[in-house]
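J.: Chains as they are written, first to last, in this note's numbering: chain Z, 1 to 509; chain A, 1001 to 1211.
Don't read these hints as lab results, they were simulated from the structure. It should be emphasised that the depicted structure is a prediction, and the values quoted were computed from it without experimental measurement. Don't take each hint at face value.
[Claimed, not checked] Below, a list of computed lysine to any residue pairs in the SDA-like style, where the Cα atoms sit at most 20 Å apart:
1) A:K1096 to A:D1109
2) A:K1172 to A:Q1199
3) Z:K420 to Z:P490
4) A:K1161 to A:R1146
5) A:K1161 to A:R1180
6) Z:K420 to A:D1062
7) Z:K377 to A:L1041
8) Z:K284 to A:E1152
9) Z:K377 to A:R1146
10) Z:K377 to A:A1065
11) Z:K377 to A:E1149
12) Z:K420 to A:A1065
13) Z:K420 to A:E1038
14) Z:K377 to A:A1069
15) Z:K284 to A:D1087
16) Z:K377 to A:R1068
17) Z:K227 to Z:D170
18) Z:K182 to Z:G154
19) A:K1184 to A:R1133
20) Z:K227 to Z:D202
21) Z:K377 to A:E1038
22) Z:K377 to A:S1036
23) Z:K227 to Z:I160
24) Z:K377 to A:D1012
25) A:K1172 to A:R1137
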Amino acid sequence: LQKRRGDAPTRANETIIHSMIMTMLGAWGSDEIVADSGGAEEPPFELMLARSQTAYARTKGVGLLRLESQCAASTHLQQREPACNPWEGNLQPLAYPHFHRILPIRSAGYRAGLRTAELLHAKALLKKEVGDRKRAEEAARIAEARFSAMFRLGPDAMSISCGIEGSVIDVNDRWEELFGYKRAEVLGRTVRELGLYSGERDYSAILECHHREYGCIRELEIDVRGKAGPVRRAIISCEGIAVGNEPCFITVIRDIDRQRRAEREAQRQRAQLMHLTRIALLGKFSGALAHELNQPLAAILSNAQAGLRLMARDIVNLDEIRDILRDIVDIDRRAGEVIRTLRALFTNSEPKMQALDLNEVVSKVLDLAHSDLISRKVTVALHLQSGLRTVRGDPVQIQQVLLNLVINACEAMDGNTSGKRRLALLTEDGRDDNVWIVVSDTGPGIAAGMLDRLFASFFTTKANGLGFGLSISRTIVARHGGRIEAMNNPEGGATFRITLPAQPGARLP
Amino acid sequence: MIAVPTVYVVDDDADVQRALMRLLQAEGFAVQTFYSPEAFLTYHDPALPGCVVLDIVMPKLDGLALQRALLASGHERSIVFITGYGDIPTSVQAMKAGAVDFLTKPFEDREFLAAVHSAIARDQSAREICAERESIRQRLATLTRREREVLEHIVTGRLNKQIAAELGTVEKTIKVHRARVMEKMGVSSLAELVRMAVQIDLEAADPCEAR
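Just chain Z, same shape as in the assembly (with noise of 0.2 Å):
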């Protein structure tokens, strides 16, 4: 900066710059500018404020910045607007040496625009806001009548309460019907004088909801109890708002009753179908099922009456006795297994989950099978995989199953000459922790186009079936968390194959 000392600064230069500052925004105060002016010579200084102010035009002459400074000021002050686009620039005072910061100029003019500008900025806002808080009434609006629609005409059961003790504020068309009292007997009354709730645990848990701020119940499954009586069972939802400046709970509640009682029918008739395509699976082969009765009981009565004989002779030998007795009980113990698995096939009992051994199941299945085996001249090949994992499972469901695939090999075989029916029968530890039972036979296989088909319910390639075989074991497999599948072998023949997840470190010895 060049320095000059100049003459005392006269009056008017300190006007101009008082001036100067006030047009100056917020920059500084003015002390702090003119307390070490210097004197100076004349450059002219109309430039930069006469455009705005006349009374300035009489200091013309005043030099207080450099010439580079106002011929950039003078363009900007050219401009057409300048009090809206302020010009910024190293505005260097000639006068005041001492003083060379760079300064904003803003124009007085400017400080109108921008006040203008800031007014019409303002104006548009407060015009926004209005129209915003119009909006926001004409969608409170909305909000209410929907929410009013939906409380009177929701497919739910409704309340509003307030206090923590819930006293009804208001209450739903289908809340008075769930309930059977009408508004006007509940409005005031809390949840627990009207024995809304059949039980203790369900006010606990609703009431603590409403202890706590806006706190909230979602789907809470609970027994609710009418004016008339009958409980049923429900869905509770509850969440705390705020009317006013009173905490109130709305309550949501759906009568899921009919919806538990349909799943708890559809499920017995499932259990009852289950039930009954075992009857039907069971009843193929009453004849050797009999056989496989009468077999042992003609070996204990021979035995029997033999001993008898043997007693009846001078000289007992006790050794032949003994060893008769030995085999009487083990035949009868036999056969009881025989009539025991039986019986649990035949009665229609809840499932039993158990840890099961998959080779306990197919030799339980081939025993009952055995003479329908013999007498369908069908010849066994057996492979049990030992130390084979076990399996959670109802023992008699998986017998079905297995006892279903076991018939459908044979019926499937009939048509083969006797020395053609072979059934193999395997189990072994399958991939990815499950446990496999196959089952093949060298029937004709499944028909193109029918591998899709064939678990479907009433899907039957027999005269006399009624579709229902597969399709429960199907279920009854998915219930087990498994599958099953079926496949046609190259060299003939169909596999089923049935893969139920193994127990965690569960195994056989």
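Since the structure of chain Z is provided, determine the placement of chain A on it from the hints.
T.: Just chain A now, with coordinates in the frame of chain Z:
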């Protein structure tokens, strides 16, 4: 018969097999057991007297098939069928094919042993008939061709005169032939000779026919 008759028990159920064996042994029979009809066909001795106790439901070859196989082989045996369930068509079939009895398990010992006894008796008489037939055949084989021709005419009831005319000889010659036939066949009356002829069925017993 002097030899103790043997009862062949054919049943795939070891328990039943052992129980029946005890019962039969207590009754004084010799017993041989087989698990399958195939084993029985392979190992039994047709020359030994006795009968078969046969379960009708067995893998592969069943009881009825064994019965047919025995008939076809010419070593017929009297059979007592036993079965786990009374299936009427099967029992009818078995009885028609010559079964002695058809018992449904479980059965009483008396019933069973009675059936076995009657089967043994039938076997014995069959063996006796068989033996007699054999001896007749042997005697028949000693006849000359002419004597046999004469025999065939005698048993059809023709008179010596008629036979002589038929064979182009004189009645006296026929008389001599007739006396020779009676002597060789070991009979003293025409009635006896006719009974024998009926027993062996002369046509079937033609010596020219291979047996």
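J.: Is the Cα-Cα distance between K1184 (chain A) and R1133 (chain A) 20 Å or less?
T.: holds, 15 Å
J.: Mind checking the alpha carbons of K377 (chain Z) and D1012 (chain A) for me, to see if they're no more than 20 Å apart?
T.: Measuring from Cα to Cα gives roughly 13 Å; hence the hint holds.
J.: Measure nothing beyond the straight line between the CA atoms of K420 (chain Z) and D1062 (chain A); if it is 20 Å or shorter, mark the hint as holding.
T.: holds, 16 Å
J.: Hint check: K420 (chain Z) vs P490 (chain Z), CA-CA at most 20 Å. Holds or violated?
T.: holds, 16 Å
J.: K377 (chain Z) and E1038 (chain A): Cα distance at most 20 Å?
T.: holds, 14 Å
J.: Could you grab the alpha-carbon distance between K1161 (chain A) and R1146 (chain A) and see if it respects the 20 Å cut-off?
T.: Satisfied, since the Cα-Cα distance of roughly 16 Å is no more than 20 Å.
J.: Taken at face value, is the distance from the CA of A1069 (chain A) to the CA of K377 (chain Z) at most 20 Å?
T.: The hint holds at about 18 Å.
J.: Quick one, are K377 (chain Z) and R1146 (chain A) close enough, alpha carbons at most 20 Å?
T.: Roughly 57 Å between the alpha carbons, so the hint for K377 (chain Z) and R1146 (chain A) is violated.
J.: Would you mind confirming whether the straight-line C-alpha gap from K1096 (chain A) to D1109 (chain A) stays at or under 20 Å?
T.: violated, 25 Å
J.: Is it true that the CA of K1172 (chain A) sits at most 20 Å from the CA of Q1199 (chain A)?
T.: Violated: K1172 (chain A) and Q1199 (chain A) sit about 29 Å apart, past 20 Å.
J.: With a cut-off of 20 Å on the C-alpha distance, tell me whether K420 (chain Z) and E1038 (chain A) pass.
T.: Judged against 20 Å, a Cα distance of about 18 Å means the pair holds.
J.: Taken at face value, is the distance from the CA of L1041 (chain A) to the CA of K377 (chain Z) at most 20 Å?
T.: Distance of about 19 Å is within 20 Å: holds.
Hints 1, 2, 8, 9, 11 and 25 from the earlier list are contradicted by this structure; the remaining hints agree with it.
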